[in-house]
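**Student:** Each chain, letter by letter, is given below.
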Amino acid sequence: MAPSSNPFIQPDGKKPTCMEMLQLIIDNQVTEEQRLYFSQHMGHCLPCYKKYNVDMAIKELLQSKCCGGNCPDDIVAEIKLKINSMTA
Amino acid sequence: MELEEAPRQHYTENEKQLIFNNEFMPHIHSMYNFGYRLTLDRDDAKDLVQDTYLKAYRFIESFQKGTNAKAWLFRILKNSFINDYRKKSKEPNKVDYQEVEAYYNSEEVDRLITPDLRVESLKDMMGDEISNALNSLDVDFRTVIILCDLEDFKYEEMAKILDIPIGTVRSRLHRARNLLKEKLKSYAKTMGYNNNA
Ligand SMILES: [Zn+2]
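From first to last, the protein sequence lines stand for chains A and B.
Using my numbering, you'd call the opening residue of the first sequence number 20 and step up by one each time.
Using my numbering, you'd call the opening residue of the second sequence number 1337 and step up by one each time.
Okay, chain B solo, but in the shape it has when bound (with noise of 0.2 Å):
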């Protein structure tokens, strides 16, 4: 499997039970959380969360006693979602990063960045406007606002979950912000909140 290139470990049973117990296991939840958010459905997201957990057991020699467990899970979770899952669903045809990147280094972007959506419209939106906003992203844009914003990752580790250069995460990342604003602008406006003063 193609994780992290550590060299291979060795551990006792004993070892590789307090690994999983001390170093794995707390991350159960937000795995959980990574798995509905891409699959958006509960059973698949448990379904990923117990194949990722069994990998990673079975895989255990090629995690590195201490160093970050929860990247390495993400990866494999992302993993296993791109090749068992997604393969299997019907996703439309994915974006074209080309054109993301085109697009991030235009001029076009700073009329986009004005400010015109305000917080006070935000503060309103106690509901489920938010979690339908971020759920309806394309899953590529979705990805990047759940392992920055939910999950703290730092770009260097996005980039390793990912596959992808720490460049293109930051595109994806100030990408995605702007589509999810665009979303919440529309939701503001049908709450009746006037954006454009």
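Next comes chain A alone, as it looks inside the complex (with noise of 0.2 Å):
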């Protein structure tokens, strides 16, 4: 692939390397043009597709596993009434 075309590349013309461009993906920091070239890139490079898909996984298993729950219903009636006593 022409490095022209790799969207990943600053302004002042430096060359990503492959971990730079798996940080920005896994932190999803991309654009849509850079999600699509980074997967043709992953085609051809093992290490960025290995280390993607176990990143992936992880960042997966964080959000289906640590979001807590809802905040109790006691919380949001306590701060509207303390709210309410304020303006009053």
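Treat the hints as calculated values from the structure; they're not laboratory data.
You may find that some hints are simply not true.
No more than 27 Å apart at the CA atoms, straight line, and that leaves these computed lysine-lysine pairs for BS3-like [as the list claims (entries may be wrong)]:
(1) B:1525 to A:69
(2) A:78 to B:1490
(3) A:84 to B:1517
(4) B:1519 to A:101
(5) B:1382 to B:1406
(6) B:1521 to A:78
(7) B:1352 to A:78
(8) A:101 to B:1517
(9) A:99 to B:1525
(10) A:84 to B:1401
(11) B:1490 to A:99
(12) B:1401 to A:78
(13) B:1525 to B:1414
(14) A:70 to B:1525
(15) A:34 to A:84
(16) A:70 to B:1459
(17) B:1391 to A:78
(18) B:1401 to B:1414
(19) B:1459 to A:101
(20) B:1352 to B:1401
(21) B:1406 to A:78
(22) A:84 to B:1352
(23) A:99 to A:78
(24) A:99 to B:1352
(25) A:69 to B:1459
(26) A:99 to B:1406
(27) B:1517 to A:69
(28) A:33 to A:69
Mind assembling these two chains? They're in different frames, but the hints should get you there.
**Tutor:** Structural data, given as structure tokens:
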């Protein structure tokens, strides 16, 4: 792939390493164009492909297990009560 | 209070209520989870959330209607945690971030990023492993994972919430992911996986 088509290239022309691209992908800080480019890149870069799969699996695990449920209703009620007493 | 540098707004009582209910309250579950993940205690999380919302209301005129309420609230909660809560607790001394930066820039990183934790072993972690692993991280590392992976904030937002440069956000996230992975790897080992294959 021609380097000029890499949407990860910085305005100063610096070419990103695999690790830098991967971090932006995992951190979800990319444009749709960058995401597409990276998924093509993974097709011919085994280290990226492997690390991407492990990192994404961890991220998904975090999202499914660590969101901690809802805030108890009594907190919401208490906050509203205190706010109302402030405005009264 | 050192919140956004937005010019002071003027709202009627009615407008304040509308902003509070429509822009602040929808984030309460995320805020509670953030509080819980910081303090690792449901009661402390409750206090932090309540405290944050009362502060948010009191300082509502330094919030510009329609802007990023979620980041604004997260920042208040984080500051309350540091100023009120953390001071009281006996949290051990913080990580040396200079060391972290040096670590991030070193060649050694490449050795550590070898994917030696396997997806199959993660698939079997259906219990509390991931939550325990996250909770075991130093609070500063835990925080960036929460903001990025659970709340999907952008680097710039995280930098504002945490009052640190974007470069530090990135290196801290990078380091946090490696530490988390190390933890999970040790769990995988006790579960009988051979991660060297
Ligand atoms: Zn690659």
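**Student:** To test your reading of the hints: which numbers does this structure violate?
**Tutor:** Result: hints 4, 7, 8, 9, 10, 11, 12, 13, 15, 17, 19, 22 and 23 break, sorted rising.
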